[in-house]
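Residue numbers (my numbering), protein chains in the order written: chain A, 1 to 309; chain B, 1001 to 1283.
These are computed hints drawn from the structure, not numbers from a lab. Please note that the accuracy of each hint is not assured.
[Stated by the list, open to error] Covered by chain B, according to a simulated footprint, are these stretches of chain A (three or more residues, beta-carbon under 8 Å):
1. 47-58
2. 147-157
3. 260-271
In this text the structure is predicted, and so the values were computed from the model without any measurement. Cβ atoms here follow ideal geometry from the backbone N, Cα and C, with glycine treated the same way.
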Amino acid sequence: MDTLEATAPAPDAPASGAGAGPGVRRRSWWRRLGPGAAIAPFLLYSALGIGIPTLGVLYYAFRGNNGGWTTGNVSAVVHGIYLIGFENSIKLALLTSIVPGILGVFVAYAIHTSRSQWLRRMTATASGVLANFGGVNLTFMFVATLGSTGVLTLWLAAIHINLTSLGFHLYTFSGVAVVYMYFQIPLMVLVITPALVGLRPSWREAAENMGASSWRYWRHVGIPVLMPSVLGGMLLLFGSAFAAYATAESLTTGIIALSPIQIGNFINGNVFSNYQNIGYAIAFGMLVILAAVMILYNYVQKRASRWLH
Amino acid sequence: MAPLDAPSSGLELLAEETAPVPAFSTGRALRRIRWWRGIVLVLTAAFFLIPIYAGLRFSFQGVNGHFSLSTLKELPKAQGFTAALWLSTRLAIVTVLVAIVLMVPTTVYVHLRLPRLRRMMDVITVLPIVIPPIVLIAGVLAVAPLWLKSTPYLLSLMYVILAMPFIYRSLDAGLLAIDLKTLSEASRSLGGRWYSTLLRVVLPNIRPALVSAAVLTLAMVFGEYTMASLDLWTTVPVWIVQFNGAANGHIQIAAAMAGLVVTWVVLTVIVSLDRSQRRRARG
């Protein structure tokens, strides 16, 4: 044990503040370095693991084939196949944020207003679990469902519905969109439930006391209050779909033109381009778009927090 | 932006009722709501349950179409599977250890001494969510020295970054729930040094938060594909994708379903434990 002398003054004034007390005389060396020293490892780790790689991407995005600064990579990225990649990625992210966003609000509302405690608890747990896991496993679960010999494909074939002739292909854009819904809808349910809880019954009672119809309540109270949270949730879904790589890559084996997959092909060396550093320029473009999404998100979050406590 | 108009019509139909105040709901409206909610819930359940059923059916189907464990039995014998599982396991262990050693003292210290920096911690730990893993790994492979790139444990170091958001949030919530200041002052006034305070007083008190953070990290490592595939290491998800499904496509699906089911069960237990704990804490 430590020396008894050091602790002797303490028992009379045990709660005399963290800095005073027995530690003053015998400061350990790490504390003498100042309060910042204790979190220095974390800051260093974050700088090495997040800061340096991100700066590396920015640096190489503006470096030419033989060294020297250039904007050639970046201007190549906003043309041709790479522009299409951004367009497809944005389209996919819009589709899989707006549709699951709306469906998520419906599901969350249906569950929130349900009287079944069991249903509510189970949905909360299920959303927490499902929202976190896309990726390869999800891909193969959908191969078993909607692949050419998938269970649902065969069921539908039995009632003479042919998904392929309806324009659905699991291994293309439409398939990726459907698989993304599997984690996007639960994510929206998670995000929007606190906002639904924040819709106070007393607002509705007040509206009804003043003779408002249900439609007018939603038109003037419910939707305006929920809208920032719904938009915020959709922006989160947009970011998650826009950045996703694993699900789309494993489903389409890298043939779909989406920005993350183009970066992956570049890293794997499957790209022949006049610009050696083209992959970093795509990554830079993704960062710019995501930064814009985050700025918007912060803005709507501020609006949303006005009603929710 | 036409789809954005959709919720108004639907919400209007749902709007007749708010569960806590049934006095406002007429019988007819209530029926309409139940009908609506029924449809929404049945469709949702179908969307989420049919793929699970399909995946399980593929996993448990023998050659003659009947129930059989043969696919699951073949899985460990499939070429490269055990190596991939062992690699994922090693990466997972290293990731959890590094993450805990890095994040626990930092988070505790910030709570105790530098609460002003909690905002900064929030911002730093949200960065791995904002920056896509594909961009991070592109940057890492561009700047990391060769000796680091040649070891699989580079992945572990990056997984710590990917795990930061939920580890920090979990520890943050755990520390907010206990009276950290009183506990550590009591420990120090009894002569405890900082490490014994941390190990014997603080850690046991935030054990649920620590366990859930560790389990989430494990689940993340066993499912991560982006970084592992681009760093050319055959972890379990990479193995699943690269396995030649022409011979027996069911094996890939069985491996994927095994991963999903284990993850779901463990996470469900964690989430439920977490909730019962919070309920107990509330009183």
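Which numbered hints fail: Violated: none.
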